[in-house]
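If you're matching them up, the sequences are chains A and B in order.
Just so you know, we're using our numbering here: the first sequence kicks off at 1 and counts up by one.
Just so you know, we're using our numbering here: the second sequence kicks off at 1001 and counts up by one.
Hints were generated in silico from the structure; no laboratory data involved.
Wrong hints could be hidden among the right ones.
To be verified - Calculated pairs, EDC-like style, for lysine to aspartate or glutamate (alpha carbon to alpha carbon, straight line, at most 16 Å): (1) K186/A - E1007/B; (2) K180/A - E118/A; (3) K180/A - E1038/B; (4) K168/A - E155/A; (5) K146/A - E1007/B; (6) K146/A - E117/A; (7) K186/A - E1009/B; (8) K86/A - E137/A; (9) K180/A - E1009/B.
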Amino acid sequence: MLVDFEVVRKAQVGDAGAFNLVVTAYRRRIMGTVARMIGRPEDVEDVAQEVFIRLYYSMDQLRSPEVFEPWLYRLTVNASLDYLRKRRRRSESRMADLSEQQVMMADAAAGTRWSEEEAQRAKTREMVDALLSEVSENDRVLLTLKEVEGLSLKELQSIYDVNESALKVRLFRARQRVLKAFARSKDEKAAANAKVRTANSSSGGK
Amino acid sequence: MARDHSELERELDSLLASYRDACPAPEASVGFMPRLWERIEARQNTSWLLKRWTEGFVAAAAAACLMAFLLQVVPDDAHAAVYNATYLEVLAQERSPENSVLLDVAAVAYPDQYSADIGSK
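This is chain A alone, in the form it adopts within the complex:
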């Protein structure tokens, strides 16, 4: 727990100062989790605020402060899922919907210099984002919590409120789908590289 149970109790009865303390303590953690679940840095703050708004309005439903953290995670999962579903429905092209590479190009055009390390991170983000888009929003969030956030099965059980075997099955299936997409993307990359090599050798021969 990042805050005392007493602070949570005070926030439950409507103490605005205590609620501010809770938000300040968990803000960074929630923003990090949201960032990894939605993969859109520009919308992270918005979704994190939505999590805390839901927290504010449902504080009185929390039976005991001991289960506060899994409960906050559940709110985070639900807010991220809602965001991901909404994003899928939106069809208009915005700057946020451009690929990382396009954003990099736009930034470069604007005079921002990207370090090699940052470029590598952007590539990783784009790759994982593409892989996770192969599974449903629910599976995406579940996989992120398990594989990226490193949550244990027990923690996931308390968040999702399902038994361990059902959770294991869901995780296994989601991972298999992502693995299949990963293999496919590797094959495609290899084929593209081979094509470039062939083109280079044929142009070098002329």
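Position chain B relative to chain A; hints supplied.
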């Protein structure tokens, strides 16, 4: 093939691990808390307004129900003078035994006028 699969699994694991570093927790902006409270209050106002609308609607519906009930229960005197009997009641009154006797007497006294009527009976 199995070796390929496990290698692929390992690569995916390392990719997902590097994803965590590639997505660090962004710093909250200075306006995070004020904006959060603004949104909380905005939602509070919306729900208050919705509650008021709902209460008003329920009150209006209850009043309408009461009015309809009263209209059913209280007799309508305005129409009583004109429609105080149903069509069947009027018809029964017309064909009552007293009326039949009077008609027979009239038929005997004025056979010219009532012969057709008797013939038809």
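Status of each hint after checking the structure:
Between K186/A and E1007/B, the direct Cα distance comes to roughly 12 Å. Compliance with the 16 Å bound is thereby established for this hinted pair. Annotation: proposed proximity of K180/A to E118/A is violated, straight-line Cα distance about 27 Å (limit 16 Å). Between K180/A and E1038/B the CA atoms are separated by roughly 45 Å; this puts the pair beyond 16 Å, and the hint is violated. The suggested pairing of K168/A with E155/A holds, with an alpha-carbon distance near 13 Å, which does not exceed 16 Å.
For the given pair, K146/A sits about 20 Å from E1007/B by alpha-carbon distance, which is inconsistent with the 16 Å threshold. Restraint check for K146/A and E117/A: not satisfied, since their Cα atoms lie roughly 26 Å apart, outside the 16 Å limit. A C-alpha spacing of about 13 Å is found between K186/A and E1009/B, which places the hinted pair at or below 16 Å, so the restraint holds. Pair hint K86/A plus E137/A holds up; C-alpha atoms about 11 Å apart against a cutoff of 16 Å.
The straight-line distance between the Cα atoms of K180/A and E1009/B is roughly 10 Å, inside the 16 Å bound, and the hint therefore holds.
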